[in-house]
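Asks: For this one, chain A is given, so just place chain B on it according to the hints.
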Amino acid sequence: SQQGEEDPQALSIQEGENATMNCSYKTSINNLQWYRQNSGRGLVHLILIRSNEREKHSGRLRVTLDTSKKSSSLLITASRAADTASYFCATKLKNRDDKIIFGKGTRLHILP
Amino acid sequence: EPEVTQTPSHQVTQMGQEVILRCVPISNHLYFYWYRQILGQKVEFLVSFYNNEISEKSEIFDDQFSVERPDGSNFTLKIRSTKLEDSAMYFCASSSRVAGQETQYFGPGTRLLVL
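Chains as they are written, first to last, in our numbering: chain A, 1 to 112; chain B, 1001 to 1115.
Pulled out of the complex, with its shape left as it was, chain A reads as follows:
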């Protein structure tokens, strides 16, 4: 897999259901971030989890990180129509200060 590869590529769920997106990576990281992008728009930062953290919450968002499996998951609970967007994980490599590497994203569609 590539550094920062999300699955599924696309996900459609009913409003009110929970949405889970996964991210896998290859190289040891310093931190992992999740971003949201509405169609053709900018990147909105959602949450950052450091390599020494296992779980973080922010409102309806829950992110987990398993460094032994080199994977992370983003859970959106009680989904709303406004959650329809693409979600990207982005990794910051260990011992590298600069760039973050994005995956291809998961396109989430919330059905009314």
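Incorrect hints may appear among the rest.
Said to hold, decoys possible - No farther apart than 30 Å at their CA atoms in a straight line, the calculated lysine-lysine pairs in the DSS-like style are these:
no., chain 1, residue 1, chain 2, residue 2
1, B, Lys1042, A, Lys56
2, A, Lys70, B, Lys1057
3, A, Lys70, A, Lys94
To be clear, the hints were calculated from the coordinates, so they are not data collected in a lab.
Replies: Quick look at chain B alone, frame taken from chain A:
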């Protein structure tokens, strides 16, 4: 809440022309970045900038590209002679990189179309 701003939001140019994309990072941030996203593809790192010099650049960032911080607030990306394949959304980002604040905050992007 402070945010990164970018101008213009859209730019259409002829192949071979020079374009300058402008960004105003968050005011107390010291680290600045440009990324691009070709339509339907992933966001790709172009360059990072700190202390008035490039700290890292990708292979995409060739001699046609340059960055500058001309004053205390603006951060620009110049493409000297645009090619069709430069058509993309260009995102500026900034971060403070103070411990506990590593987040890169992105601007809304400039959509560049090269004809």
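Asks: Each hint should be assessed against the structure and marked as holding or not.
Replies: Evaluation of the provided hints:
no. : hint                   : verdict
1   : B:Lys1042 with A:Lys56 : holds (25 Å)
2   : A:Lys70 with B:Lys1057 : holds (26 Å)
3   : A:Lys70 with A:Lys94   : holds (13 Å)
The structure agrees with every numbered hint stated previously.
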